[in-house]
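Peer 1: Okay, here's what each chain looks like letter by letter:
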Amino acid sequence: MARITAGITTSHIPAVGAAIDLGKTHEPYWAPVFAGYEFSKRWIAEHQPDVVVLVYNDHASAFSLEMIPTFAIGCAESFAPADEGWGPRPVPVVRGHPELAWHIAQSAILDEFDMTIVNRMDVDHGLTVPLSLLFGQPAQWPVQVIPLAVNVVQYPPPTGNRCWNLGRAIRKAVASFDADLKVMIWGTGGMSHQLQGPRAGFINREFDTRFLDRLTQDPAGLTAIPHVEYVREAGSEGIELVMWLVMRGALEADAREVHRFYHVPASNTAVGHIILENPS
Amino acid sequence: MTSYNAAFQDIPGTTVFDATQSRLGYHLNMFCMSLMKPDNRAAFKADERSYLERFAMSVEQREAVLARDYNRMIALGGNIYFLAKIGATDGFSFQNLASKMTGMPEDAYKAMMVAGGRPPKGNRSKSDPAR
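Chains as they are written, first to last, in the numbering used here: chain A, 1 to 280; chain B, 281 to 411.
Check before you lean on any hint, since a few could be wrong.
[Said to hold, decoys possible] Mimicking SDA-like on lysine to any residue, the simulated pairs with C-alpha atoms at most 25 Å apart in a straight line are:
(1) B:Lys390 to A:Phe261
(2) B:Lys317 to A:Ala80
(3) B:Lys380 to B:Arg348
(4) B:Lys325 to A:Asp83
(5) B:Lys317 to B:Phe372
(6) B:Lys325 to A:Ala18
(7) A:Lys182 to A:Ile117
(8) A:Lys24 to B:Asp370
(9) B:Lys390 to A:Arg205
(10) B:Lys380 to A:Trp30
(11) B:Lys380 to A:Pro198
(12) B:Lys325 to A:Ser64
(13) B:Lys401 to A:His263
(14) B:Lys401 to A:Tyr262
(15) B:Lys406 to A:Ala224
(16) B:Lys317 to A:Asn151
(17) B:Lys406 to A:Gln154
(18) B:Lys406 to A:Ile225
(19) B:Lys390 to A:Glu206
[Said to hold, decoys possible] Example chain A residues on the side facing chain B (calculated, C-beta under 10 Å, incomplete):
(20) Ala18
(21) His59
(22) Ala82
(23) Ser192
(24) His193
(25) Val231
(26) Arg232
(27) Pro265
In case anyone wonders, no lab produced these hints; they're calculated from the structure. Note that CB positions come from ideal geometry on N, CA and C, so glycine has one too.
Looking at chain B on its own, in the form it has when it is part of the complex:
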């Protein structure tokens, strides 16, 4: 099982939601899940910091949510399908979230997608010589 999980480590810019991440991110992801209810979305928007205190999240996880730092949330166990509910609550498209995670302006990210997306060359492996 160790080699199964380790094999993914070589893929750049990617976090696989395995057992370790799932345990780390349980409460963060369950907070996201709560945003599927309109009343909870309203309560979160009204006072984000106190809403987050309803969940047994770490201080780092709370700060990452408040900062809308999606890459940090992923590092702290967030899963993108759960985190997308924060984006939806904020009124942003998935494409907007994706551009944030890549550090590109949304227009530039959209243009990259229209031009065929991020190419495999140089993006398959951390040891790829084209990187």
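With the rest of the complex left out, here is chain A:
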């Protein structure tokens, strides 16, 4: 049977992708950001997953205002990097895992999560920057990826509790997939940041630190945070943190923290990154 071995959360800042693509990672501004992922690159090489369920949000790339799915699961064979206004990132095409993706979609829908099934979708920095942070610049991504796009652009986004429960449904789905696969779940976005209006540049280290602590100490308690508290305490784009709860809900209660990194700033954002291992 397939099993979820670990969860990773990381910010997915577009400027971080640009720094990688333009060879700026050793510049003084960027070096401390990438130093926080050195351990993670070694760790993932040692714990190589077959498939990553990658929870991210589309930033008006695949989904405009014509259609706004709350939870969309990518079931295609492959996903091309999106042109976000600069031309597509020079990164490999993302290979999907249609069999597991369809299995998760079916299982989650029968568990009363009304997933949107997507057979054609370009993927933006929300999905490709985390892959670059963990795997660097390979000719091919070394994993198959199931994109799971969560709406956090149009209000209301799903509640933290709904995201957590979706994670639990994904855990159940993976455990019932009849193939010997090592699966990881990644939750991306965050941490505190605000990209709009006179309050842009908002950062809340204290909120972020507490959020990271509670991922192991009180994960269920995080599900009670209302949207207004995310916006007030973590900035308008800090709402992306609900996606971390999909990751956390998919792991066991006693998952163990093996790495944590926090840094301000990368562009407009507080970078947060954590690795949680399921008990083996």
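Could you slot chain B onto chain A? The hints should help.
Peer 2: Below, chain B alone, put in the same frame as chain A:
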């Protein structure tokens, strides 16, 4: 639902992209979406005013785009992830757009971020005494 939406009004300098904003800004945001195609970016750059006439936007929305007044575009229903495509077409970083919206010179905005960002104190609530 009213109280859900109203709760965000107390947060300073922030516009939540709710149903009201989304309906108001539909055509403005769809114009931005069109800038994801290289041909459209070229057409927009060649003649901004006539390109904007392809979209059923209000006069105020068109003027805000031409003036690159991002706060005004947000007030008129623009969403930052859509509006960022205008910035990308102009060749500006997201950080440049953010500095414009705060009214700070880009250098000063960058320095604020390097120093830890805009602090929560005084910026949580419109009624915050530190404001």
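Peer 1: Now tell me, hint by hint, if it's right for this structure.
Peer 2: Here is what the structure says about each hint:
With a C-alpha separation of about 22 Å, the suggested pairing of Lys390 of chain B with Phe261 of chain A holds against the 25 Å cut-off. Distance restraint check for Lys317 of chain B and Ala80 of chain A: the Cα-Cα separation of roughly 15 Å lies within the 25 Å cut-off, and the hinted pair is therefore satisfied. Simply put, Lys380 of chain B and Arg348 of chain B have alpha-carbon atoms about 9 Å apart, close enough for the 25 Å limit, and the pair holds. This hinted pair checks out: Lys325 of chain B and Asp83 of chain A have alpha carbons roughly 17 Å apart, not beyond 25 Å.
Distance restraint check for Lys317 of chain B and Phe372 of chain B: the Cα-Cα separation of roughly 17 Å lies within the 25 Å cut-off, and the hinted pair is therefore satisfied. With a C-alpha separation of about 23 Å, the suggested pairing of Lys325 of chain B with Ala18 of chain A holds against the 25 Å cut-off. Taken as a hint, the Lys182 of chain A and Ile117 of chain A pair is honoured in the structure, with Cα atoms around 23 Å apart against an allowance of 25 Å. For a cut-off of 25 Å, the pair hint linking Lys24 of chain A to Asp370 of chain B stands: about 22 Å separates their Cα positions.
With a C-alpha separation of about 17 Å, the suggested pair Lys390 of chain B and Arg205 of chain A falls inside the 25 Å cut-off, and the hint holds. Distance hint between Lys380 of chain B and Trp30 of chain A is fulfilled; the C-alpha atoms sit about 23 Å from each other, no more than 25 Å. Our distance criterion of 25 Å between C-alpha atoms is met by Lys380 of chain B and Pro198 of chain A, whose separation comes to about 9 Å. Taking the CA atoms of Lys325 of chain B and Ser64 of chain A, the gap is near 22 Å; set against the 25 Å cutoff, the hint holds.
Between Lys401 of chain B and His263 of chain A, the direct Cα distance comes to roughly 20 Å. Compliance with the 25 Å bound is thereby established for this hinted pair. Among the hinted pairs, Lys401 of chain B with Tyr262 of chain A is consistent with the structure: their alpha-carbon atoms are about 20 Å apart, no more than 25 Å. At most 25 Å may separate the alpha-carbon atoms for a hinted pair to count; Lys406 of chain B and Ala224 of chain A meet this at roughly 24 Å. A hinted pair counts as satisfied when its Cα atoms are at most 25 Å apart, and Lys317 of chain B with Asn151 of chain A qualifies at roughly 23 Å.
Pair hint Lys406 of chain B plus Gln154 of chain A holds up; C-alpha atoms about 23 Å apart against a cutoff of 25 Å. Distance check on the hinted pair: Lys406 of chain B and Ile225 of chain A sit about 21 Å apart at the alpha-carbon level, within 25 Å; holds. Proximity of Lys390 of chain B to Glu206 of chain A is assessed by CA-CA distance (about 21 Å); at most 25 Å being required, the pair is judged to hold. Hint status for Ala18 of chain A: holds, given a least beta-carbon distance of 8 Å to chain B, under 10 Å.
A cut of 10 Å between beta carbons decides the hint on His59 of chain A: the least distance to chain B is about 4 Å, and the hint holds. Satisfaction of the interface hint for Ala82 of chain A is found here, the shortest Cβ-Cβ separation to chain B being roughly 8 Å, below the 10 Å cut-off. A distance limit of 10 Å between C-beta atoms decides the matter here; for Ser192 of chain A the minimum to chain B is near 8 Å, and the interface restraint holds. About 8 Å separates the beta-carbon of His193 of chain A from the nearest beta-carbon of chain B, less than 10 Å, and the hint is met.
Hint status for Val231 of chain A: holds, given a least beta-carbon distance of 6 Å to chain B, under 10 Å. Taken as an interface hint, Arg232 of chain A checks out: its beta carbon lies about 5 Å from the nearest beta carbon of chain B, inside 10 Å. For Pro265 of chain A, the interface hint holds, the least distance from its beta-carbon to any beta-carbon of chain B being 4 Å, beneath 10 Å.
Against the hints set out earlier in the document, no violation occurs for any number.
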